[in-house]
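*Asks:* Each chain, letter by letter, is given below.
There are 2 protein chains.
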Amino acid sequence: MSSRVRIKDVAAEADVSVTTVSHVLNQTPHTRVNEETRRRVLDVAARLNYRPNRVARSLRTQSSGMIGLLTEEFATTPHAGRIILGAQEAASRNNLTLAIINSALQADAVERRDDVAALLDRQVDGIIYATVFHDVVSPPAELRTVPSVLIGARDRTRRVSSVTPDERQGARDAVRSLVALGHRRIGFVANTTDVPATRGRRLGYLDALEEAGIEADPDLVAEGEAEAGGGFEAATALLDRPGERPTAIFCYNDRMAMGVYRAIGDHGLRIPDDISVIGFDDQEPIASGLYPGLTTVSLPHYEMGAWAVDSLVSQRDGDRAAGTHRLPCPLVHRGSVAPVGVSPA
Amino acid sequence: MSSRVRIKDVAAEADVSVTTVSHVLNQTPHTRVNEETRRRVLDVAARLNYRPNRVARSLRTQSSGMIGLLTEEFATTPHAGRIILGAQEAASRNNLTLAIINSALQADAVERRDDVAALLDRQVDGIIYATVFHDVVSPPAELRTVPSVLIGARDRTRRVSSVTPDERQGARDAVRSLVALGHRRIGFVANTTDVPATRGRRLGYLDALEEAGIEADPDLVAEGEAEAGGGFEAATALLDRPGERPTAIFCYNDRMAMGVYRAIGDHGLRIPDDISVIGFDDQEPIASGLYPGLTTVSLPHYEMGAWAVDSLVSQRDGDRAAGTHRLPCPLVHRGSVAPVGVSPA
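Residue numbers (the numbering used here), protein chains in the order written: chain A, 1094 to 1438; chain B, 1094 to 1438.
By construction, these hints were calculated from the structure, which means they are not laboratory data.
Be aware that a few hints might be false.
The list cannot tell twin chains apart, which means a pair is met if one copy fits it or any two copies do.
[As the list claims (entries may be wrong)] SDA-like mimics (lysine to any residue), calculated; alpha carbons at most 20 Å apart, straight line:
| no. | residue 1 | residue 2 |
| --- | --- | --- |
| 1 | Lys1101 | His1227 |
| 2 | Lys1101 | Asp1136 |
| 3 | Lys1101 | Arg1131 |
| 4 | Lys1101 | Val1225 |
| 5 | Lys1101 | Thr1238 |
| 6 | Lys1101 | Leu1332 |
| 7 | Lys1101 | Glu1396 |
| 8 | Lys1101 | Asn1142 |
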């Protein structure tokens, strides 16, 4: 289909055999080409803008220089772009090209196998399988015929390496930072969906309370849908309950925090003077678009993408140990947190 | 690298030649294989889970079944994911695989050429070149050696087809919808960056005023950075100016609208009762997360991705006419617009 210059064009122009051109351009070991010929071939190749046929090379080396990224329902995961960027930049550093296939959400096992097979057909050097809503998955067995890594979930059989965000540590650090500023009545605006993030963030909240000797108070927890509307309703419920109101609210995610801001405003309270708020996800444009800017916990999507590619490269180079890795979720400080009972200037 | 079953394994197991297996599996025309042999080959291939080598096929057919998407600074364009999804789903419908390469923003011409060359090396069947901040680009000449399409910008030489959003029509329709509800003092919170969207949205705003016989009033236009903070400052300036205040504000984008909401709230005004607001971009989670939900203009990113792939397929099939296409930007109605001077129940 393309009108590209072929190796035989270079050979004809340089007046040598195709084999000689191949030896020169591939720097094939243990072959002898005299220096003058070598120079001439390189000059001609440069002048004709010849590029070796990567496909022919793939066939010869059984390596395509390409890795496949299989993502689950790209559009609904706000940070999928960061995973792709991390993977793409790491691939580029390793002279690899990233091919992306987007599996439909809840694609059945057969479709998943087909997607993996489509990548294997292209002789990819490795496959990254990214998912978002599961703790543990059973990836197609074909995945293990090449180096492979899971992002976002562990392999049920523990034979494929995986990398996931440490949701629990992220939530623990967020709530710890509130405790360190004197907060003890710390509310939690939780979501209701049964996904790993729900459980991890709730456990982290409880960890931080426990280590501070603060008894968990069910009256300080309210649930809602993981959107702005759900956050508004949950925070309204928290603030309308009888008894002392919370001095800080930790939110399941930034979208809920967006609704929590509105509920706090509707109650005539100010952030962070009257109530501190922390989100989770560091989802732009919410986190810096809210006023004041939202202190939140960042997910290591870019880092997971890059980690996955580096792991494929290690596996290709002989490292066969499968493991489960959690990457930390760092706290990002903006303007929504203040010491308890202290109004900033 | 992979431990895959090869065609010779199938041939050995079925006790036929490799050529026979190839003819059966490729349904090669004008070849004769008796029905019993054909069945046996298919059975063995299925039993061994044999998959034909796509790489070898690429070499033979000069077609890889793969198309390349070259994107500019993926991470900073909130909707790049929608372009990818549109392209990926259209590719899938056409039995093509999408490979994505992310060029650094402002990558120089040499790097761009290298990225195109990397895709050509893999014998891609076509290349989509997506950009965001330019009206017109000069893509590398190598792009034209295969079917190619630009997303988001036109080709300076008009030799490569392009697809862009109709920013002007989107803005015109938004402001028209305000005029239709009786608004005549329609403010514009504009951005300051010199990108195609800035010019198109401003022209659309002016178009709608002009066709309604409303004189453009510079006192109703305020500029700011295209973020929530810039929108807050611009709207504050608009609302603090002496004279009658606007009854509606059209915003350059949803992020600015987020700040406009806050400025309106700070002035003790309600949306949409006192002021209607329309954004642009339909950027989630802002658009549905704001209260009330933001009426805004949607960008056809998914559609542009799909259009680009369909265009590559047409080009591959012989259509060589390059053209410039604009896809419409539809108005998305939520809760931030009301007739002028009427408070909804």
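*Asks:* Evaluate each hint against the coordinates.
*Replies:* Hints, one by one, checked against the model:
Taking the shortest Cα distances, lysine 1101 and histidine 1227 never come within 20 Å of each other, neither inside one copy (52 Å) nor across copies (40 Å). For a Cα distance limit of 20 Å, the shortest separation of lysine 1101 from aspartate 1136 inside one copy, 15 Å, qualifies, whereas the shortest one across copies, 41 Å, does not. For the homomeric pair lysine 1101 and arginine 1131, the shortest alpha-carbon distance inside one copy (16 Å) is at most 20 Å, but the shortest distance between copies (38 Å) is not. In this assembly of identical chains, lysine 1101 and valine 1225 lie within 20 Å of each other by CA distance neither inside one copy nor across copies; the values are 49 Å within and 40 Å between.
Taking the closest pair of Cα atoms, lysine 1101 and threonine 1238 come within 20 Å of each other only across two copies (19 Å); inside a single copy the shortest separation is 36 Å, beyond that limit. In this homomeric assembly, lysine 1101 and leucine 1332 never come within 20 Å of each other (Cα to Cα): the closest approach is 78 Å inside a single copy and 72 Å across copies. Taking the shortest alpha-carbon separations for lysine 1101 and glutamate 1396, neither the intra-copy value of 44 Å nor the inter-copy value of 42 Å comes in at or below 20 Å. For a Cα distance limit of 20 Å, the shortest separation of lysine 1101 from asparagine 1142 inside one copy, 13 Å, qualifies, whereas the shortest one across copies, 37 Å, does not.
Against the hints set out earlier in the document, violations occur for numbers 1, 4, 6 and 7.
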